[in-house]
Amino acid sequence: MSHGHDDPTLHPEVQMSTSRGYFSGFAISSILMFVATFLVASHAVPPFGLLMVIAVCAGIAIIAQIYFLLHIDVSEHNIWNTVALVLFMPLFLITIGLTWWMFSQLYLRTMIMPGMMH
Amino acid sequence: MSSHGSNVDPKTAELWDKSHYQHDVISTRTFGYFMYLLSDGMLFATLFAAYGVLSYQHSYSGGPTPADFVKPWYTFAQTMALFVSVLSYGLAMNALKHKNKSGVINGLLAAFVLGVLFLALDIHDMTHLASSGITVATSGGMSAFIILTQVHAAHVFFGLIWILVMMAQVLAKGFTTDVVGRLLTLRMFWHLQAIIWVFVFVFVYLWGYMS
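Residue numbers (full-length UniProt numbering), protein chains in the order written: chain Y, 1 to 118; chain W, 1 to 211.
Source of the hints: derived by calculation from the structure; they are not laboratory data. There may be inaccurate statements among the hints.
Facing chain Y, according to a computed beta carbon distance under 8 Å, are these residues of chain W, among others [unchecked claim]:
(1) Gly41
(2) Leu43
(3) Phe48
(4) Gly52
(5) Met80
(6) Val86
(7) Lys97
(8) His155
(9) Phe158
(10) Val198
(11) Val202
(12) Phe203
To be clear about the criterion: a stretch of chain Y counts as covered by chain W if any three or more of its residues have a C-beta under 8 Å from a C-beta of chain W, and this derived list gives those stretches [unchecked claim]:
(13) 23-37
(14) 78-91
We treat Cβ as the ideally placed atom computed from N, Cα and C, and that holds for glycine.
Construct the entire structure; sequences and hints are all you get.
See below:
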């Protein structure tokens, strides 16, 4: 419970920085973004499979950045940031997902256009 | 942790540590700022939703689509500029841990320069689009594309101003509680820009290029 009140640089949120963590987050997300860019630019995989692959790349890169850069974990000091983020994620996904779903159904029922989907 | 054995009696167990030595100013501020950043995330959720419903073929009303102008490797260069900027900021925070003032200033300066590079690439891209007649007014799809990417760029712009301010404060005031707290909140802000950019890059630029 020593929170270093005299010297702010001893605060746990300062002390939890490690170069290794930052390099790991940087390396993992850079490699994944390189792979995604390479696959998309070279048209190596058919579109639907490609979308899945780059979505997985984005997902892992985001998890790595949240873990290594934002230090989201279940440690005593960070647990409430983690709780807030976990409660935030459904709101984020529902906002995007439901809007998208509603409009795709709307388009299907109100417009007749060839090649409407992506 | 208080002194209780392995057998905890729920009637007498203390769930809270009552002896708070002092109010933790830094943690209160960073947690509050994290709440703000999550609501900022909801702003991006609405913009992603708008892009999602406005990226159908008919959304571009026969005009240009991202597949016509997105250059994956150009945008990858932007990605690397932002990622290395975030890494530099992280190394600055590591220098802060060791009370290394010049390390903090150098890290912030590198983060600033790379952030400017990211923004310069973005502005070059946008003026290039504008010169070929593609603006927010071109079609609904282009409105959604440009607003989403430029709202992210605006975040980076304000982050750059904040980095300059923090460099001045570190030099003028040293590592006081206020300055350290602001460096921590700016760290969250700057790292969040990289996280949002992963979404923008993969689901707007790369996917738009594929479609």
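Results for each hint:
Of the supplied interface hints, the one on W/Gly41 holds, with its beta-carbon coming within about 6 Å of a beta-carbon of chain Y, less than 8 Å. Taking 8 Å as the C-beta contact cut-off toward chain Y, the hint placing W/Leu43 at the interface is violated, the least distance being around 10 Å. Interface restraint check: W/Phe48 against chain Y, minimum CB-CB distance 5 Å, threshold 8 Å, status holds. For the restraint placing W/Gly52 at the interface with chain Y, the shortest Cβ-Cβ distance is roughly 4 Å, inside the 8 Å limit, so the hint holds.
Contact between W/Met80 and chain Y, as hinted, is supported at the beta carbon level, the nearest pair being about 7 Å apart and thus within 8 Å. Hint on W/Val86 holds. Least Cβ distance to chain Y is approximately 7 Å, under the 8 Å limit. Contact between W/Lys97 and chain Y, as hinted, is supported at the beta carbon level, the nearest pair being about 5 Å apart and thus within 8 Å. A least Cβ separation of about 16 Å between W/His155 and chain Y goes past the 8 Å threshold, and the interface hint is therefore violated.
This hint is violated: W/Phe158 has a C-beta 19 Å from the nearest C-beta of chain Y, more than the 8 Å allowed. Hint on W/Val198 holds. Least Cβ distance to chain Y is approximately 5 Å, under the 8 Å limit. Hint status for W/Val202: holds, given a least beta-carbon distance of 4 Å to chain Y, under 8 Å. The closest approach between the C-beta of W/Phe203 and any C-beta of chain Y is roughly 7 Å, which is under the 8 Å cut-off, so the hint is satisfied.
Counting residues of the region 23-37 of chain Y whose C-beta lies closer than 8 Å to any C-beta of chain W gives 9; at least three are required, and the coverage claim holds. Using a Cβ-Cβ cut-off of 8 Å, 6 residues of the region 78-91 of chain Y lie near chain W, which meets the minimum of three, so the contact claim holds.
The structure does not agree with the numbered hints 2, 8, 9 stated previously, though it agrees with the rest.
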